[in-house]
Structure formats: structure tokens, C-alpha cells
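Required output: the full structure, derived from the provided sequences and hints.
Protein sequence lines, in the order shown, are assigned to chains A and B.
So the first sequence is residues 1 to 371, counted in our numbering.
So the second sequence is residues 1001 to 1370, counted in our numbering.
Hints in this document: simulated from the structure, not taken from any laboratory.
Positions of the beta carbon are idealized from the N, C-alpha and C atoms, including for glycine.
Watch out, some of these pointers could steer you wrong.
[What the hints assert, rightly or not] Computed, partial: chain A to chain B, Cβ under 7 Å: (1) Ser211; (2) Phe265; (3) Arg266; (4) Pro270; (5) Pro280; (6) Lys282; (7) Pro285; (8) Val289; (9) Lys290; (10) Ser292; (11) Val294; (12) Asn296.
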Amino acid sequence: MRKVMGLCNLHSAVSLNELTHSRPIASTSFLGRYAFIDFTLSNFSNSGIDEVGILVKNQPRSILKHLGSTNVWNTNTKLGYEAIMYNEKHAHAPSYNHDINNIVANDWIFYNAKPDLFIIAPVHILYPFDFRPMLRAHEESGAAITVLHAAIADGRSQFVEGDQIVVAPDGRVRELTINKGVADAIDVSLETYVIGLDKLQELIALAQKTSAFFNLRDAIRHAISIGWDVRGHKFEGYVRHFGSFNHYRKHSLELLRYDIRKELFRPEWPIYTVTHDTPPAKYGPEAQVKNSFVANGSRVNGKVVNSIISRNVVIEEGAVIKNSIVFTDTKIGKDVHVGNAVIDKYVRIETVKDIGGTEEDPIYVKQGDRI
Amino acid sequence: MGKEIVAMLLAGGKGTRLEALTRKIAKPAVSFGGKYRIIDFPLSNCANSRIDTVGVLTQYESVVLNTYVGNGEKWGLNGVHSLTASLPPRQTEEGAAWYKGTADAIYQNIDFLDTLAPEYVLILSGDHIYKMDYRLMLEAHKAHNADLTVAVIDVPLKEASRFGIMSVNDEMMITKFSEKPAKPTSTLASMGIYIFNYKALKSALAFDAKDEESEHDFGKNVIPYLLSKKRRLLAYRFSGYWKDVGTLASLWSANMDLIDDEGALDLYSNDDLKIFSEDTHSVPQYVGRAATVVNSMVNQGAIVLGHVEHSVIFNEVVIEEGARVADSVIMPGVTVKSGAAVNRAIVAGDTTIAGDRRIDGGEAIVLVTN
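Shown next, in the form of C-alpha cells:
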């Protein structure tokens, strides 16, 4: 029986500016209910992959808090696990704190877990995907590495600074470059790789021999250049790259549209997250909610339009929230107007009655602030 | 050393007065409050009271309930020192029998209790909505050196004949107990929550089991027996929200209490009495452009595109645009089609309400099923 291990790679994620100052994107709140890592872990879980390592780059605090000791994502809670893989030796040396060194520091995956195949997947690229066909394709092709990729139509604004990829008609990956945002119709890598155990060790040796600063992506790029058999596996469907604060806001709010939402949330592909045992949301006599997500534990007695309200948020009478995302445990007081904003956790807005940015330049309110 | 206290939850009843709601599931498994089942309340109370060992006695349609209770994980009752056991009737060397009453159900599980060797046994039922810290009751039980403590609540005199009613002396010791008296002389009603000294419980149950006249019921037989033996029976007064949800009307009004009366049963406060339940892995609830939602509770996974007023909406419910729901409880997986109107109703799970239907319970409450 073939054994597959998933590696959730937090090293390749980018910054979302303000949002990720005190947490990695993996544990950043999404749609009022999830953390980004839930989607990657649910892809593993729904694909029948129960053994998972999480390559943590830095800021482990909120990752540890989110994962806790739960086994939300496991089918068998004894056989399955989500192991935190952290490289404390290099945690504070940016050039050395990359995924290759993390795997080297956690080499129990080679000697103890010993899967036949690894799937390495990021958290900042969101896509619902069953890995099983990709695993089969990898085995049938005999490739050294298989890379998941997708065609996009808006490369000038999406996947900028992400990985552009060129896949030849025979399926071989010819080139892996950085998308500099100069063309719209491009092929992008979803930074998701299938690789055998021996090949991963070989790739690491190749990287270490070439440059101590090489990360996984650099190593794969190098391997392609020296003729390794790296193949593409085409993904079609909902995929979004979270590369900036504005991407975060845009990609969140667009899910209010049913036609987009149904691509990400499919009945046969549940997204698992940690339960907080909050009661249902409560709507007061003055509530006016339109085109919005409201998470459990919230109490809404104001007006909410085109917005995302997270867990345990209180919106008092006369308050108006438009085109905004409000994180958990925040309170929007009486008659406060909020527009085009992202308001972090534990904020109280009571004194200032008008807070807003513009569509292009939304305002961000820091965690815990009183306004 | 044995456990200090073990909880035994009586969850075997059908709940006939809930009509078709309990056609396929036992009453404790009936949905409540947008995301819960009735049994979540006593089990969460156990967790919050730091009681780590719970036996759940099931009988009617026990599969759903046994599966739901599982290893107690939903309430955190699966830790290293914890034990959650579903206890349906079973075959033994002596033969096989159904639970013949509340007392008999416990008696048939005496071996389970003996293994745990508790000092006290807390007996609960799966029929009530309330939040309670049983530790306070146990303290009173110990302080009064009681053999049995019965939790009591004041009820209006006109309703008293529905309950076990007792008289007490100045020290709250019970002097008289009558189960569902025709002419009640007190308004102190039993909540069906008992703390027994295990030794006293065991001997009373052994006596009761041999009594061929007995209905094997705590209220009708065991408590009167202990009174006749001059044992120390304490009444422990509870003043919070407590509601029996045994009828459609009371189930409906307990749901409405969550909306109307925040002080009644506050699910939102940080009072260390959080109610735990199953997580449904639902998507966030979505409220549409043309929707209106006022005075309501709505759970995750619901999609509201129509009008919802003074109602409790469970997970995976869809209220289509042009549908109107008022004064109703809409259980999981229900779709209310465009054009339909639902008033003063409880709609059972997974029901589809066609667009041409006008449902109105009027003075009563109507139950709608597929």
C-alpha cells in the first residue's frame, strides 16, 4: 500500500502587510470562520491523506493556538496527525530559514514517517482540490516531480511575484520564473508538488551542494535547468493567490457572490476548522443585513451591507458597516459608520463615529485598538 | 479510590407529545436553539461542573443517540480522566429486559456504578433546557449531610400538578413529596435532578427492584420510600432558567425565549457555562441582497434570501427569496421555497416547503414534516 504524507508549506507564503505583522497568513482569519491553513488541511483530509507535517517558517504563536491539540482534520486520530515542523536553529536567520533547511531539521519524515510520496502544498494559494488524480498521474508518468499549475487570465494583477510556469505540450515543465505582472494570459504554478521520498532527498542534496540559500522553489527551478523530469498537472477551477492586503480584501468579499462561492465551497468537499462552540448569530429588532456573511456568536442590531462579520462580533443599534471585514470579538458601537475597512480582532470602535477608506485604499484597524 | 461523583443521564424516553419530531429519534436528540440538541444542555452542564464520568441511559431509538453521544468528545468528556458510556438495555446472565422505569434503568446499571465506586451519583434527565453548575448542588448536599438532594424550582400553582411537588421545613429538608398531585399544596417542583449518596441509592434501588407493586420510578416510588425510611432528603432551590420541552408548544416557546428574553438563558455570556455541541463543518451563513432578518437566531450554513422575523433558523436551512418565515423554528436542512409563508410553526429537519404553501399554526403551534 502506497503511503502519502502531506507537507503544508508556510515558507512560501508572502506578507499581507498589516494583517500578517503578528501572525502568518496560515492562521489569518478568512470569511469570519476559517484560517487559511484550514483549506490546505481540508484538501489533505478530503483526499484521504491523514499524515501531515506543517512547515512553520516563523511566528508560530498563532499557528500553535489554532491547531492546539485538536485533530479536526484527521480520519483516524491515532494514525493521523498534524506535526508542527519548525526549524528553531534558523528561525532568526532569514537567508537560512527556508523550507529545505526546515525539512533537513525535521528529517524524521524520512526515517520515521517514511512515506512513498510527499505532497507539498502552500497556504496562501486557495483552491479546492482532490490530490488523488495528481498522485496517480505522477506515478504513471514516472516524473521526478509533478507541479500543479493553472492558466489565469489576469496575470497583471494576480499571482504577481508568484511563480509563472511554462509547460510544454508533452507535459514537461520548461521554465519556472517569477510573474512580474506584464502579461494577463499566463500559466502559474500553484506551488504544489508531488515528489517521491528518494527524489526529495536527492533534491535537497542538490540544493545544498549548489547554494545554502536555496529554497524548495529555487531547487526545483535548478533541477529543471539541469534536465530533471519535472511535469505539470493542470488544475481547473477556483484558485486565488493571496499576495497582498488588497488581494485579501478583494478575494474575501468576492465570495459574497454565489457563482464564485459555489466553486470554493462544494458539498462533497467540506472545509474543516476548529470549533469555538459559539451560539448561532443573533439579529436584533433593528438589524438590516444585506449581502453579507455573519459568523456564529455575533449579535447584530445595526446595518451591514456587502461585508463579512466574524465570530462574536457585536454591532450595536444605528451602526452601519459597508464593504468591510470585521474580525472576531470586535465591537462596533452605537451609530458608528464603517466603510471599506478591515478591522482586526478585539477592536472597540465607540468614540470616533466615522471610519472609512476607499475601495482602492481601504483602512486597516489594528488588533485590540480602541477608537 | 473511586470517583467522587458520577452522572447518570436518563435519555431513554420517546417524548410522545413531540409527535412526529420523535418518530425516528429520541426526545433528547431533538434539535433546539439553532444548533443544539436537547441533550447538549445536561452534558455541557456536566462538563462545566467538572464532572468527568457520565453514563447515558438510552432506550427508544437508541442508535442516533448512542452515535451522537459517542465518546463524549463534543462536550470534552473524553479526556484522560473522563469516561462517557452509552448504556442501552442489554442482555446479561439473568436475561434481558427493557428499562421498566427511571429507577429500574439505574438499577440495571448498578454493576457499571460499582466499577466506578462513586461517593455520589447525579441523576439527570435529557428533557430540559437549563444551565446549571451541579457543584453548587453537591456542596449543599454535603453541607446538609443529606442522603438525597432534589433540585427544585418554584412553579405557578396552576402548573404544579404536572410536577413532583414537595413540602419542606425551615432547613429545606423535604417533609412530603407527591408525584403529579391532583391538588398541589406547594409550588416547589422537582426538576428531575437528584444527587444521591451512592450507598443510599443502591440500597433503595435494590428494595425497589423487589417490590412488585412498584413502577420503578424515582418520583413515584424511590423518593417516597426514602421519606418513609426517614432518610435525609434536601431540596436544593435553583433560580435560573429551566424549561421542560416535552410538548410542541413548550419546545417552541423555549426557542422563542432565546430571542425574546436575553436574561432567561444567555448563550452569549462568559459565565463559564458554555453549551457545547456538534460542529457541522458548515460554510458561513449568508444573508442575501433582498433578505430581511430581524429578531432572530441564525446558525452557520444557513442561507437567507427571503424574510425572516422572530424565528430560529438552524444550519443548512435555505430561505429562498420571496419566502416569509415568522414566529417559527426551522430545523436543519429545511428549504422554504420562494413564495411560501411559514408562521407559528416548527418545521422538522430536511423538510421542503413548496412555494404555494401557507402554513400558520394560529393560536397553537403546527409541526410541519415532509
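How the hints compare with the structure:
A cut of 7 Å between beta carbons decides the hint on Ser211 of chain A: the least distance to chain B is about 43 Å, and the hint is violated. Interface restraint check: Phe265 of chain A against chain B, minimum CB-CB distance 5 Å, threshold 7 Å, status holds. Annotation: interface hint on Arg266 of chain A violated; nearest CB of chain B at approximately 10 Å, more than 7 Å. For Pro270 of chain A, the interface hint holds, since its Cβ comes within 7 Å of a Cβ in chain B; the closest pair sits about 5 Å apart.
For the restraint placing Pro280 of chain A at the interface with chain B, the shortest Cβ-Cβ distance is roughly 3 Å, inside the 7 Å limit, so the hint holds. Because the smallest distance between the Cβ of Lys282 of chain A and any Cβ of chain B comes to about 5 Å, under 7 Å, the interface hint for this residue holds. This hint holds: Pro285 of chain A has a C-beta 5 Å from the nearest C-beta of chain B, less than the 7 Å allowed. Interface restraint check for Val289 of chain A: the shortest CB-CB distance to chain B comes to about 4 Å, inside 7 Å, so the restraint holds.
For Lys290 of chain A, the suggested interface contact is upheld, since its CB lies about 5 Å from the closest CB of chain B, less than 7 Å. With a least beta-carbon distance of about 6 Å to chain B, the hint placing Ser292 of chain A at the interface is held under the 7 Å criterion. For the restraint placing Val294 of chain A at the interface with chain B, the shortest Cβ-Cβ distance is roughly 6 Å, inside the 7 Å limit, so the hint holds. Taken as an interface hint, Asn296 of chain A checks out: its beta carbon lies about 5 Å from the nearest beta carbon of chain B, inside 7 Å.
In summary, the structure is inconsistent with hints 1, 3 from the numbered list given earlier, while agreeing with the others.
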